[in-house]
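Student: Chains as they are written, first to last, in full-length UniProt numbering: chain U, 1 to 277; chain C, 1 to 309.
Treat the hints as calculated values from the structure; they're not laboratory data. Misleading hints may appear alongside valid ones.
[Said to hold, decoys possible] The list that follows gives simulated cross-link-like pairs (lysine-lysine, DSBU-like), each with its CA atoms no further than 30 Å apart:
| no. | chain 1 | residue 1 | chain 2 | residue 2 |
| --- | --- | --- | --- | --- |
| 1 | U | Lys177 | C | Lys223 |
| 2 | U | Lys47 | U | Lys36 |
| 3 | C | Lys223 | C | Lys303 |
| 4 | C | Lys201 | C | Lys303 |
| 5 | C | Lys45 | U | Lys94 |
| 6 | U | Lys94 | C | Lys303 |
| 7 | U | Lys180 | C | Lys201 |
| 8 | U | Lys177 | C | Lys9 |
| 9 | U | Lys94 | C | Lys18 |
| 10 | U | Lys180 | U | Lys94 |
| 11 | U | Lys36 | U | Lys94 |
| 12 | C | Lys18 | U | Lys180 |
| 13 | C | Lys9 | C | Lys45 |
| 14 | C | Lys201 | C | Lys216 |
Listed below, chain by chain, are the residues.
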Amino acid sequence: MSGKRSTFLISALAFGFAFLYVPILLVIIYSFNEGKLVTVWSGFSTKWYVSLFNNDGMIDAAWNSLRIGVMSATLALALGTPAGLVMSRFGRFKGRTLFSGMIAAPLVMPEVITGLSLLLLFVTLEQIVGWPAGRGISTITIAHSTFCAAYVAVVVQSRLSGMDISVEEAAMDLGAKPGKIFFVITLPMILPALLAGWLLSFTLSLDDLVIASFVAGPGSTTLPMKVFSSVRLGVSPEINALATLIILAVSILIVIASIMILRSERMRNRTANASDI
Amino acid sequence: MSSDKLTLKQRFDRWMIKHGRVLVIGIPYFWLFLFFLVPFLIVLKISFSMAEYAQPPYSALFAWIDEGVTITLNFGNYLFLLSDSLYATAYLNSIRIAAISTVITLLIGYPMAYGIARARGSMRSVLLMLVILPFWTSFLIRVYAWIGILDREGLINAFLLWTGIISEPLIMRQTEFAVYVGIVYTYLPFMILPLYSTLEKMDISLIEAALDLGCKPWQAFVKVTLPLSLPGILAGSLLVFIPAVGEFVIPELLGGPNTLMIGRTLWNEFFANRDWPIASAVAIAMLVFLVVPIMWFQHIQTKQEEGQQ
Chain U
1 MSGKRSTFLI SALAFGFAFL YVPILLVIIY SFNEGKLVTV WSGFSTKWYV
51 SLFNNDGMID AAWNSLRIGV MSATLALALG TPAGLVMSRF GRFKGRTLFS
101 GMIAAPLVMP EVITGLSLLL LFVTLEQIVG WPAGRGISTI TIAHSTFCAA
151 YVAVVVQSRL SGMDISVEEA AMDLGAKPGK IFFVITLPMI LPALLAGWLL
201 SFTLSLDDLV IASFVAGPGS TTLPMKVFSS VRLGVSPEIN ALATLIILAV
251 SILIVIASIM ILRSERMRNR TANASDI
Chain C
1 MSSDKLTLKQ RFDRWMIKHG RVLVIGIPYF WLFLFFLVPF LIVLKISFSM
51 AEYAQPPYSA LFAWIDEGVT ITLNFGNYLF LLSDSLYATA YLNSIRIAAI
101 STVITLLIGY PMAYGIARAR GSMRSVLLML VILPFWTSFL IRVYAWIGIL
151 DREGLINAFL LWTGIISEPL IMRQTEFAVY VGIVYTYLPF MILPLYSTLE
201 KMDISLIEAA LDLGCKPWQA FVKVTLPLSL PGILAGSLLV FIPAVGEFVI
251 PELLGGPNTL MIGRTLWNEF FANRDWPIAS AVAIAMLVFL VVPIMWFQHI
301 QTKQEEGQQ
């Protein structure tokens, strides 16, 4: 690689990462600002964190969001894992094109369309079969797990495609039943992907404003809905404090998860190398 | 062995071997069908009904009259979309803003993805992690961060006024410029990741061969690297373009009252005007335009998956 070119690449990377990180850093710094104005630094203070924890509406919304996030991520894992397995291991079957379309489309579908269409489904279902009676946490959970399942399916599928199929074939030749093969061989091998898929679904659910706004009912205000209504009025130091806490929690979670994934990867490589010898 | 001598477990196993495959396909299939596909049909249906002061606020499409079903299709909503230039403006604006943002994202993302793909092993995973990290942190908060930066009393203005470069604050928030910044900022990881995965897989000896055969570095880039990374460019661009067309949060928080985008129009029809049929018609109009890019995206996804196997 020529020197001129690598200088260009390094400055592109430096500019890109500055672009990605400076705004986040500013939010964190100004969460410790004493004054209410964002532009004027008037001394270090943690008072906005105290006022955040005394904001009952915000705490309730955060609690709702966490509950919805855990339930949606778990449901999305239960639906997305078989979907990913089907896509990479089941070969051709009737309706496969439609199936792969229903997995790819939620990844890019504008949220306003997904939100509106799900709301109209829930309203129609309520008219016809009386379920779901009203909207709230359960309808948000269904909505979130549906689009998160598509993400899980893609993560699981790409993990399975990169994986050696011969171990599963060997087990099948030796007479293991499909269910046993899945739980004893496939599942342990795709465990890092499942962890990544769950975490991805959890954060996507925690983050969603648009879809939740459409399918929410009274009493099921989520954290993003609360943040959005406050942000609309302008910058507030309390939101900066909340943002800092979210960024901190996510960073810790991601670092732990990637260390776990890296470690299991290394173990796998080591055992693979040992078997080569 | 006759079947009545089988234990319950054996029967269950037999049943699973026979029907397990159908079950594994069937459960996610049914779920996605019910909660992803059927809703669009309902949106289509309601886009043909009329707004009413009722609960839910639209008229029934099917009615029992004289022992027969009459279907009243009402094209009024679509005619209304055509008659009011507001919708056409919002529609074209969204496509233009999404397209320009996609190009800017590509121009920033490509060198970054290339740099990461050519970095040394351990450095590479650190850089990749740095791209993914903002993608996991809250989208709303990343948009919010720019309010504080671009506002009239924001950080850029405060800095420029302090240095004396300007004497009047610049208007940056509530402009189309701010919407571009917001879209490029939040969607950049979606562009970098697919670009990185094609660039990383690329055989570097091809470039070396081109250089050995007398290509200048830029020629090698245009003739070898660029065509080989085309799947990544397409996947990344579609991942940015399609959701950006229907974007609501960014134009609402960073754009001005004049920054009309179709996602925002849909939101206002639904929440402010409570006109569900018009909102449905807007959604269908958006989908009609997006169907082709979405199918294209799916095609690239499947092709890439098959290429891996």
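Student: For every hint, state whether the structure bears it out.
Tutor: Against the structure, the hints come out as follows:
no. : hint                : verdict
1   : U:Lys177 x C:Lys223 : violated, 50 Å
2   : U:Lys47 x U:Lys36   : holds, 11 Å
3   : C:Lys223 x C:Lys303 : holds, 23 Å
4   : C:Lys201 x C:Lys303 : holds, 15 Å
5   : C:Lys45 x U:Lys94   : holds, 27 Å
6   : U:Lys94 x C:Lys303  : holds, 19 Å
7   : U:Lys180 x C:Lys201 : violated, 34 Å
8   : U:Lys177 x C:Lys9   : holds, 13 Å
9   : U:Lys94 x C:Lys18   : holds, 17 Å
10  : U:Lys180 x U:Lys94  : holds, 25 Å
11  : U:Lys36 x U:Lys94   : violated, 61 Å
12  : C:Lys18 x U:Lys180  : holds, 15 Å
13  : C:Lys9 x C:Lys45    : violated, 47 Å
14  : C:Lys201 x C:Lys216 : holds, 22 Å
Consistency with the previously given hints fails for numbers 1, 7, 11 and 13, ordered from lowest to highest.
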